[in-house]
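Visitor: Chain residues, written in single-letter form:
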Amino acid sequence: MSAPVEETEKPNIDIDRSVGDFRYDVDYAYDAGVGLTEATIDYICDVKQDPEWVREFRKDGYRKFLEKPMPTHWASHDLDNIVFENIRYYLSQGVTPSRTWDDVPEEMKQTFERLGIPEQERKFLAGVEAQFDSEAAYSNIKAAVGEQGVIFVGSTEGLHKHPEIFRKWFGKVIPSSDNKFSALNSAVFSGGSFIYVPPGVKVKHPLQAYFRINAQNFGQFERTLIIADEGSEVMYMEGCTAPKFETATLHSAVVELVALKGAKIQYVTVQNWSPNVFNLVTKRGLAHEDAEIKWIDCNIGSRLTMKYPGVIMKGRRARGEVISIALASDGQHQDTGAKMIHAADDTTSNVVSKSISIGTGIATYRGLVDIPPHRKGCKNNTECDALLINSHSRTDTYPAIVTRGNQNACQHEASVSKVNAEQIFYMQQRGLSEGEAMSLAVNGFVNDLVREFPMEYSVELKRLIDLEMEGSVG
Amino acid sequence: MSLSIQNLTASIGDQPILKGLNLEIPKGEVHAIMGKNGSGKSTLAKVMAGHPDYTVTGGDVLLDGESLFTLEEPDQRARAGLFLAFQYPMEIPGVTIANFIRAAVQARLPEGEELEATDYYANLYAKMDALKIARTFTSRSVNEGFSGGEKKRCEILQMAMLEPKYCVLDETDSGLDIDALKIVSEGVNAMRSPDRGFLVITHYQRLLDYIVPDKVHVMVDGRIVMTGDKDLALELEAKGYDWVTEDQLATA
Ligand SMILES: Nc1ncnc2c1ncn2[C@@H]1O[C@H](COP(=O)(O)OP(=O)(O)OP(=O)(O)O)[C@@H](O)[C@H]1O
Ligand SMILES: [Mg+2]
Numbered sequence: 004m005s006a007p008v009e010e011t012e013k014p015n016i017d018i019d020r021s022v023g024d025f026r027y028d029v030d031y032a033y034d035a036g037v038g039l040t041e042a043t044i045d046y047i048c049d050v051k052q053d054p055e056w057v058r059e060f061r062k063d064g065y066r067k068f069l070e071k072p073m074p075t076h077w078a079s080h081d082l083d084n085i086v087f088e089n090i091r092y093y094l095s096q097g098v099t100p101s102r103t104w105d106d107v108p109e110e111m112k113q114t115f116e117r118l119g120i121p122e123q124e125r126k127f128l129a130g131v132e133a134q135f136d137s138e139a140a141y142s143n144i145k146a147a148v149g150e151q152g153v154i155f156v157g158s159t160e161g162l163h164k165h166p167e168i169f170r171k172w173f174g175k176v177i178p179s180s181d182n183k184f185s186a187l188n189s190a191v192f193s194g195g196s197f198i199y200v201p202p203g204v205k206v207k208h209p210l211q212a213y214f215r216i217n218a219q220n221f222g223q224f225e226r227t228l229i230i231a232d233e234g235s236e237v238m239y240m241e242g243c244t245a246p247k248f249e250t251a252t253l254h255s256a257v258v259e260l261v262a263l264k265g266a267k268i269q270y271v272t273v274q275n276w277s278p279n280v281f282n283l284v285t286k287r288g289l290a291h292e293d294a295e296i297k298w299i300d301c302n303i304g305s306r307l308t309m310k311y312p313g314v315i316m317k318g319r320r321a322r323g324e325v326i327s328i329a330l331a332s333d334g335q336h337q338d339t340g341a342k343m344i345h346a347a348d349d350t351t352s353n354v355v356s357k358s359i360s361i362g363t364g365i366a367t368y369r370g371l372v373d374i375p376p377h378r379k380g381c382k383n384n385t386e387c388d389a390l391l392i393n394s395h396s397r398t399d400t401y402p403a404i405v406t407r408g409n410q411n412a413c414q415h416e417a418s419v420s421k422v423n424a425e426q427i428f429y430m431q432q433r434g435l436s437e438g439e440a441m442s443l444a445v446n447g448f449v450n451d452l453v454r455e456f457p458m459e460y461s462v463e464l465k466r467l468i469d470l471e472m473e474g475s476v477g
Numbered sequence: 022m023s024l025s026i027q028n029l030t031a032s033i034g035d036q037p038i039l040k041g042l043n044l045e046i047p048k049g050e051v052h053a054i055m056g057k058n059g060s061g062k063s064t065l066a067k068v069m070a071g072h073p074d075y076t077v078t079g080g081d082v083l084l085d086g087e088s089l090f091t092l093e094e095p096d097q098r099a100r101a102g103l104f105l106a107f108q109y110p111m112e113i114p115g116v117t118i119a120n121f122i123r124a125a126v127q128a129r130l131p132e133g134e135e136l137e138a139t140d141y142y143a144n145l146y147a148k149m150d151a152l153k154i155a156r157t158f159t160s161r162s163v164n165e166g167f168s169g170g171e172k173k174r175c176e177i178l179q180m181a182m183l184e185p186k187y188c189v190l191d192e193t194d195s196g197l198d199i200d201a202l203k204i205v206s207e208g209v210n211a212m213r214s215p216d217r218g219f220l221v222i223t224h225y226q227r228l229l230d231y232i233v234p235d236k237v238h239v240m241v242d243g244r245i246v247m248t249g250d251k252d253l254a255l256e257l258e259a260k261g262y263d264w265v266t267e268d269q270l271a272t273a
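The listed protein sequences correspond, in order, to chains A and B.
In our numbering, each residue's number is its place in the first sequence (first place is 1) plus 3.
In our numbering, each residue's number is its place in the second sequence (first place is 1) plus 21.
Treat each hint with caution, since some may be false.
[Said to hold, decoys possible] In silico DSS-like pairs for lysine-lysine, Cα to Cα no more than 30 Å straight-line:
# : chain 1 : residue 1 : chain 2 : residue 2
1 : A       : Lys465    : B       : Lys172
2 : B       : Lys153    : B       : Lys172
3 : B       : Lys236    : A       : Lys421
4 : A       : Lys465    : B       : Lys148
Keep in mind that the hints were calculated from the coordinates and are not lab data.
Since the model is a prediction, treat every value here as computed from it, not as a measurement.
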């Protein structure tokens, strides 16, 4: 086993990520250059032909980004290693995605084919958006779903073509000033999805977005807004990969969900970032009366992930749920959690988090459950389980349950367990290699949560865990 | 063809535990080892299986003529045909018995070959029925919350499914009730064959009434000091281990 390393000095990680680890040389038609100034923002606005209100929104976000401190006082000092002047903030081949794969530029098409996206689309998806660096290369929704009035487009198209819905909710669930990275995203956002599901429409199959980073020293800042109108239902899935880079790459998304009365949104993420990606994402949903928002989140890879999906339960009987799996391999830090804000009576939230730390990997859980004293009939259940593989691993749990008054119920359970050498020996004695034994132990640990993922994704998840564990024993 | 242990010495840290152990188990035979607590019986089993805590300091173990120690990883030795039924089987939370054994069977197939699920389950159920293990156990996590006896039975189930060449049973009888002892013994006897050898570690002569050994060895302080037939076990039961030691001293 490798010796413990300083947080700032990341070890050379060599994990077999054969699925995502490849890149193409692309001549970008639009390139905002390196570094971030007002001129960068103007460049992006011009390329995207943003309306004036968006330009102002971006500049306001930029000011807030400059004002806001890095959250190093409570999170990792590794954030200080992000050099904002060295990052490229916008790279694209054009702002209009193709509606057919045949029209997608060759190297992008090949990328997504290697990642299996067109195949998945044929098999089980209601629509796909495939983003390559700053813009979607492909975006399409199945005709039958479109005919029900479902809108599924990129954020740029959303704000141009559906301003009446878009503007009403954009930036309302997560204000630019929420944190430094939501402000940065507001300044330079590009790509991501805009979804609107009309009242009563239940989208049978999932809509999927795939976020691919191809360029080095690059920042991807997609912006997703999903609105499920009264009584509607939708499941959205996002996948993410990037090739291995020598230098740090930034992924900083903002995702806002709005579930109107009685609506249901499930948001599934399977993230498999390569080890030099800083993944700093703000995700929050607003659940109205009787609505339900469920985040199902799997974080594998990245150098540092900070992500705390939240639900604001604004209407009575609203429900919020976060189911998350985080796997921190050697040299990685998964700082994840959940925020549950009970802003109405009789609201219910559930958080189940499982983290796995391997080698020098660090997994941290940060939770916030806020139930003000005058609320009645609110319930929260939080379970955090951590699995440690070998002695360098570290796990921290910061479950902040802010609840006062006695008309509400909170339950919190946490456990830390270890895969010990005797278990591995036992499994090896049955003929399994060390890597297979570790995979089996990890899969066993997350088993009950994996069942929450759609079938196709749970298979993918298992495969990713296997790859990661094989890689970790070298 | 045999499992041949030749002048084996092994330590934990700098403390020697096995001190020149010789033992040969030809295929088709059942050998029993008896010996005081702490004499090194489990150590022998684990050293052969490749437990990382022990250092082999001398000697060799040949499995059908091939040195086990050229195979570094425990899983390589397992796939070469060595099976160890543990004195203390480990719990593996979240991994079902069915999936665990399946992975182990799969690991023995040539690369690219997939285990046929229906055949596998038919085989698994047949073996479970024979060992009187309820089929509901397939979906329980390996050893988690099992009673002592259930754990031991599950070890024998794995042995039956993996069809090893040489089986080492470390105190498989302890923790078994009288009925279970019979069932497990029948399971072992059913596996006796000219192509398989057994090393049965036990403290109780009674087991050897059911699994009748070809030879009984007595281990003292990391060595085999006496070998006899099944009657030796009866004699030990009557006279205790001090008799062996004194006898040894007398002949030394
Ligand atoms: N990890 C260890 N660290 C220190 N000493 C050990 C370790 N493992 C075994 N030993 C010592 O080695 C000796 C032999 O142990 P072993 O478990 O092989 O005995 P055994 O013959 O199987 O006994 P029992 O009949 O009680 O099962 C004992 O003195 C034991 O304390
Ligand atoms: Mg023992």
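Visitor: If a hint holds in the structure, say so; if it does not, say that too.
Guide: Going through the hints against the structure:
no.	hint	result
1	A:Lys465 x B:Lys172	holds (28 Å)
2	B:Lys153 x B:Lys172	holds (13 Å)
3	B:Lys236 x A:Lys421	violated (41 Å)
4	A:Lys465 x B:Lys148	holds (29 Å)
Going through the hint list in order, the structure does not satisfy hint 3, though it satisfies all others.
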